[in-house]
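Asker: Mind docking chain V on chain Y? Use the hints.
Now for the letters of each chain:
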Amino acid sequence: MRGSLTISAIAHLVALGMCLVAFAAQPMEAPATPAMTVNTISVKDFTELTKGVKDAPKLKVDDIKPVADKIDTPKPIDEVAPKVADNKPEIKTDTSAKQQPKPDPKPDQKPADKPAKAKPPDYKPDKIADLLKKDAAKQPKPDDKASPDTPPRDAPQFNADQVAALLDKRDPQRQMAAAETLNNQPNLGASSGASAQLSQSEIDALRARISSCWSPPPGINASSKIYVVLRVLFKQDASMSREPVLVEGSASALGPALAESAKRALLLCQPFTMLKPEHYDQWKDLELKFDPQELLGG
Amino acid sequence: MPDLSVTRRRALALGAAAGGVTLTARHARAVVRLDITEGNFQPLPIAIPNFFGGADSDNDTAVGVTQIITANLKGSGLFLPIDPSAFLENLASVDTVPNFPNWRTINAQALVTGRITRQSDGRLKAEFRLWDVLAGQQLAGQQYFSTPDNWRRIAHIISDAIYERLTGEKGYFDTRVVFVDETGPKERRIKRLAIMDQDGANVRYLTRGDELVLTPRFSPSTQEITYMAYGQGDPRVYLLNIETGQREVVGNFPGMSFAPRFSPDGQSVIMSLQEGGNANLFIMDLRSKATTRLTNTPAIDTAPSYAPDGSQICFESDRGGHPQIYVMPAAGGAAQRISFGDGTYSTPVWSPRGDYIAFTKQSANSFAIGVMKPDGSGERILTEGFHNEGPTFAPNGRVIMYFSDNVGSPGPSLFTIDTAGRNQQRVPTPSFASDPAWSPLLS
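Quick note, the sequences are listed as chains Y and V, same order. In terms of this note's numbering, the first sequence is numbered consecutively and its last residue is 298. In terms of this note's numbering, the second sequence is numbered consecutively and its last residue is 443.
Each hint should be verified, as a subset may be incorrect.
[Stated by the list, open to error] Cut-off 20 Å, straight-line C-alpha distance, at most; resulting in silico cross-link-like pairs (EDC-like, lysine to aspartate or glutamate):
no. : chain 1 : residue 1 : chain 2 : residue 2
1   : Y       : K284      : V       : D35
2   : V       : K170      : V       : D132
3   : Y       : K225      : V       : D132
4   : Y       : K225      : V       : D355
5   : Y       : K289      : V       : D35
6   : V       : K170      : Y       : E260
[Unchecked claim] Which stretches of chain V does chain Y cover? Using the computed rule of at least three CB atoms under 8 Å from a CB of chain Y, they are:
no. : stretch
7   : 33-42
8   : 85-94
Hints were generated in silico from the structure; no laboratory data involved. Glycine included, every Cβ here is placed at the ideal spot set by N, Cα and C.
Pulled out of the complex, with its shape left as it was, chain Y reads as follows:
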């Protein structure tokens, strides 16, 4: 009994050990999802199109206007009564009032969480986040009202003359934000929103910059079928913290020259200032695959 238990325990441990070794953590190959563009346009052209004008006026904090849907005395949204102006006291609006204070502490914490910012952006995230949260908190209310209404209605008996009686006579629930000028443009958005990912435009800009700096060895052309993968670690200021390391490559006589030309391109082009500091976690460790597929001639 003891002997078989020993053997069983040892066998289990050996199996566990082998699993740990064999199924070692491998990087999940996240396939690059291509942007849904119909036109074929080169990376460089796309970035040129979207990079904007250098001498455009810089947006200052004071220029950021709150959303305003009607012209009236300026009434910041947080003063607007969240309650429903309604005769039918069916809906509890207290829940909406409760929702609002919660988002407030979050934007305040966010700027503190990011010590990495070398130059903090000019806009105040908490102010904008407030506006957004309050806006969002108001939106669902008409939907909430709709569902309790349907049971009292007499569904099968529809009298066309009584359509007027069926109309919802309540006051509009969403209070329109008022200010001195109309402004229904959305503003910059909170940095704590879901878009804190390395954006496609940053990737495009990085690839375009590296491509412009990369002078591949002359013996290589599009049919060479060779490639190298370099691993690059970046510091906060988007310069490399150490020399790029070759992690993968096809075996060929021109491989070392290709790897060196890739390293030279990276050394020449750093720092890569198009990478945003707030996305540092996304780009601090990158693998760059230099693959001369689109080179011409040879």
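Answerer: Just chain V now, kept in the frame of chain Y:
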């Protein structure tokens, strides 16, 4: 004997330890991988300050070596030597580590330093270092010893070492070119075989000029040239030893023999022999003098060229009506046509890298030099002009030399162009020149 019994406590401890190991296993994170598929080929900016002279008497040689290296690298079209007047740092010696920020400021990506010293035993010592300015490291360093009058060859060897280290391909600077030197008026041209360094220096004449000579070709392994000469009577194929000057006829065949080339092992010569109104390909072993027939067609088969691995031959034949290029196994057999463009194709040459066949293409009003893959696909024209002809590959397969007779000019000249069609350059020759053939690397 220790107590190895498995108690419940021990089993639990083992299990906990195993579980603890799993906790320390690394968290698998997907590393972002980006593809860089486009590049922007630019010549590499390289700084080549004058080599040091070990003693003052060596300074002239040092400057000469520097100039040859600079001219070689610039002429290849792959490097951009930086003007010496822009240099910020004056290096003390070849052994000191350069101050790389000084060189980065002038946009150099590579730096070459060197020294030439005449030794006490009369030999010349040449040393150089190649630095990567961006990474701040030495990439290569070598020392060479030779006789003093070989200083040009040392410069070419150093150029090859730099070229190979930075591009990954073998260089082609330490090579020679044999060609037909033409002098005199057009109606009474004197043609002599001549040999020179690939940059046009050290020209030496191999024949006297009393007979017409054509299509000289280098042996891949020995210091021999094969060529065709109109002696007394029919044109014959000859072998000439460059060093001794000794000459012998290759086979004594009835009729004309022409368009000779060596096999890749240098042991046989393949050529075209005239039979009546036709010409067919024959191989002759140079040791045993045994002759083997390769083609037997009622057509003119000529200009044969071996693939570098010796398994196939490409040649020109008009069996289909007009001269076209065919590929055939080296031992003979069915020949397959590979040229299908508009015009006639002639003088095929197989690249030493095996990836291209260069040819002369003649269409309605122009001659062109082009390359195609050995299966006939990917045809590209590199240069067009009046009477461009006779391509020959450099030993690294990247540069082609040919001769061209421009309209109105009294004679042909030699030109080089790379296989991408870039960087066309004229090769300086003492007089008019035609029919070039590039030697293998001398070292």
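Asker: Each hint should be assessed against the structure and marked as holding or not.
Answerer: Right, here's what the structure says about each hint:
The hinted pair formed by K284 (chain Y) and D35 (chain V) meets the criterion: a straight-line CA distance of about 16 Å does not exceed 20 Å. Between K170 (chain V) and D132 (chain V) the alpha-carbon distance is near 19 Å, which keeps this suggested pair within the 20 Å criterion. Proposed proximity of K225 (chain Y) and D132 (chain V) is contradicted: the alpha carbons are some 27 Å apart, above 20 Å. Our distance criterion of 20 Å between C-alpha atoms is met by K225 (chain Y) and D355 (chain V), whose separation comes to about 14 Å.
Of the supplied pair hints, the one linking K289 (chain Y) and D35 (chain V) holds, its CA atoms being roughly 5 Å apart against a limit of 20 Å. Of the pairs offered as hints, the one joining K170 (chain V) and E260 (chain Y) holds, with about 16 Å between alpha carbons and a cut-off of 20 Å not exceeded. Coverage of a stretch by a chain is defined here by at least three residues with a beta carbon nearer than 8 Å to that chain's beta carbons; for the stretch 33-42 of chain V and chain Y the count is 10, and the condition holds. Coverage of the stretch 85-94 of chain V by chain Y is violated in this model, with 0 residues showing a Cβ closer than 8 Å to a Cβ of that chain against a need of three.
The structure is inconsistent with the numbered hints 3, 8, although it conforms to all the rest.
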